[in-house]
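Starting from two chains that each stand alone, build the complex the way the hints lay out.
Protein chains in written order, with my numbering: chain B, 1 to 110; chain V, 1001 to 1112.
Please keep in mind that the hints were generated in silico from the structure rather than gathered at the bench.
Keep in mind that the hints are not guaranteed to be accurate.
Stated by the list, open to error - Simulated pairs of lysine to any residue, SDA-like, Cα-Cα distance not exceeding 25 Å:
hint, chain 1, residue 1, chain 2, residue 2
1, V, Lys1099, V, Leu1019
2, V, Lys1042, B, Ser67
3, V, Lys1099, B, Ser29
4, V, Lys1099, B, Gly27
5, V, Lys1042, B, Gly54
6, V, Lys1042, B, Ser20
7, V, Lys1099, V, Arg1072
8, V, Lys1001, V, Ser1085
As the list claims (entries may be wrong) - Which stretches of chain B does chain V cover? Using the computed rule of at least three CB atoms under 8 Å from a CB of chain V, they are:
hint, region
9, 19 to 31
10, 64 to 76
11, 101 to 108
Everything numeric in this text was worked out from a predicted model, so none of it was measured.
Quick reminder that beta carbons are idealized off the backbone N, C-alpha and C, glycines included.
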Amino acid sequence: SQTIHQWPATLVQPVGSPLSLECTVEGTSNPNLYWYRQAAGRGLQLLFYSVGIGQISSEVPQNLSASRPQDRQFILSSKKLLLSDSGFYLCASLDTYEQYFGPGTRLTVT
Amino acid sequence: KQEVTQIPAALSVPEGENLVLNCSFTDSAIYNLQWFRQDPGKGLTSLLLIQSSQREQTSGRLNASLDKSSGRSTLYIAASQPGDSATYLCAVPIRNTDKLIFGTGTRLQVFP
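In isolation and in its complexed conformation, chain V is listed as follows (with noise of 0.2 Å):
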């Protein structure tokens, strides 16, 4: 059975710091992983995608990579900025099914 957690569940920093979000999975017989961003009280907004033939993705200063033979993700955020605080959430598809299963989340604060 698929299982996603993610480390740490908060985080706390000064504007300006560059970060790394983890998020780990048992199944590593995925197709992609996803990385979405919740503000309080909304919806999720899609991050970035990253699809088992490749090994990361950039959008900005958003970099994910990708190693599923060791089941693990990362989110880095460079130069991060006060509009960066909410939750960042992975999710990866049930074996052979488009239906994700998420993490718990790591819920990010960046202070001026």
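Isolated chain B, as found in the complex (with noise of 0.2 Å):
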């Protein structure tokens, strides 16, 4: 069965500040993976899906911008954080048709 890391656990950063969150995978090869964000009070929204090395697909206009350097690598990513990037991030893969998701980055703009 897959394993996916998410790191940092939480962040808190000022606005304007840039960002990096990193997910891995362990225990499959070319997976599908997947960014969402859970705000405080609301559901889980994607924000990038990929299907390989170097695809990405953005999902919704935002602030935001998503890479995959390796296979089972996905980093999340901004050049100046708003107020409004505050929220939960995690980080997904699909095993056959179940998705799978990682412990998840508590992030707060200040």
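Printed below as a string of structure tokens:
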């Protein structure tokens, strides 16, 4: 079965600072990978989707970007954070038809 | 456009009760439906995946059913325990993709 790692677990960053969140996957090769955001009191929103190295699809217009430099590595970035970027960020991987999630990163932008 | 709704939004019950959580979706052309559990501040744990060809799936005290024609799924929890307290989410793929649309969840509290 797959194991998904995310770090850091929590992050507090000032407005205008850069961001880099990392996700790595074990136990599979060439998975479809996803970044979701869960804002306080709201549901999960799909941000980015990747079917392979260097292949990124953005699902919503936003201040964030994603990259996939290696098969099992997925990175979420921003050049300048906004207050509205605060939330809980989850990385997920597809195994056959089932999605598995990492432990998440809690981002607070101050 | 696919929309997923979960009822009730919150539920508080005494230990030992049998529970039914509901999930409805507007586009019945799905190939599966997935139920997740989320503990506060944690990631999602996959509970059950039901393929469109199946009517139900069971795992321990959990049983999930799927009725595509009516756009509904139910998650049945037998003999609830305080450890079942969490938010339960259902999700379905967007048509012809593996990208998931999530419901807003049911927050369950089971008290001793």
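Going down the list of hints, with the structure as the test:
1. Annotation: proposed proximity of V/Lys1099 to V/Leu1019 is violated, straight-line Cα distance about 29 Å (limit 25 Å).
2. Between V/Lys1042 and B/Ser67, the direct Cα distance comes to roughly 24 Å. Compliance with the 25 Å bound is thereby established for this hinted pair.
3. Straight-line distance between C-alpha atoms of V/Lys1099 and B/Ser29 comes to about 19 Å, which keeps the hinted pair within the 25 Å bound.
4. The hinted pair formed by V/Lys1099 and B/Gly27 meets the criterion: a straight-line CA distance of about 21 Å does not exceed 25 Å.
5. At most 25 Å may separate the alpha-carbon atoms for a hinted pair to count; V/Lys1042 and B/Gly54 exceed this at roughly 28 Å.
6. Annotation: proposed proximity of V/Lys1042 to B/Ser20 holds, straight-line Cα distance about 20 Å (limit 25 Å).
7. Among the hinted pairs, V/Lys1099 with V/Arg1072 is consistent with the structure: their alpha-carbon atoms are about 19 Å apart, no more than 25 Å.
8. A C-alpha spacing of about 31 Å is found between V/Lys1001 and V/Ser1085, which places the hinted pair above 25 Å, so the restraint is violated.
9. With 0 residues having a beta carbon nearer than 8 Å to a beta carbon of chain V, the region 19 to 31 of chain B misses the requirement of three or more and the stated coverage is violated.
10. With 0 residues carrying a beta carbon less than 8 Å from a beta carbon of chain V, the region 64 to 76 of chain B misses the three-residue requirement, and the given coverage is violated.
11. Beta-carbon proximity to chain V at under 8 Å applies to 5 residues in the region 101 to 108 of chain B; the threshold of 3 is reached and the given coverage holds.
Violated hints, in rising order: 1, 5, 8, 9, 10; the structure is consistent with all others.
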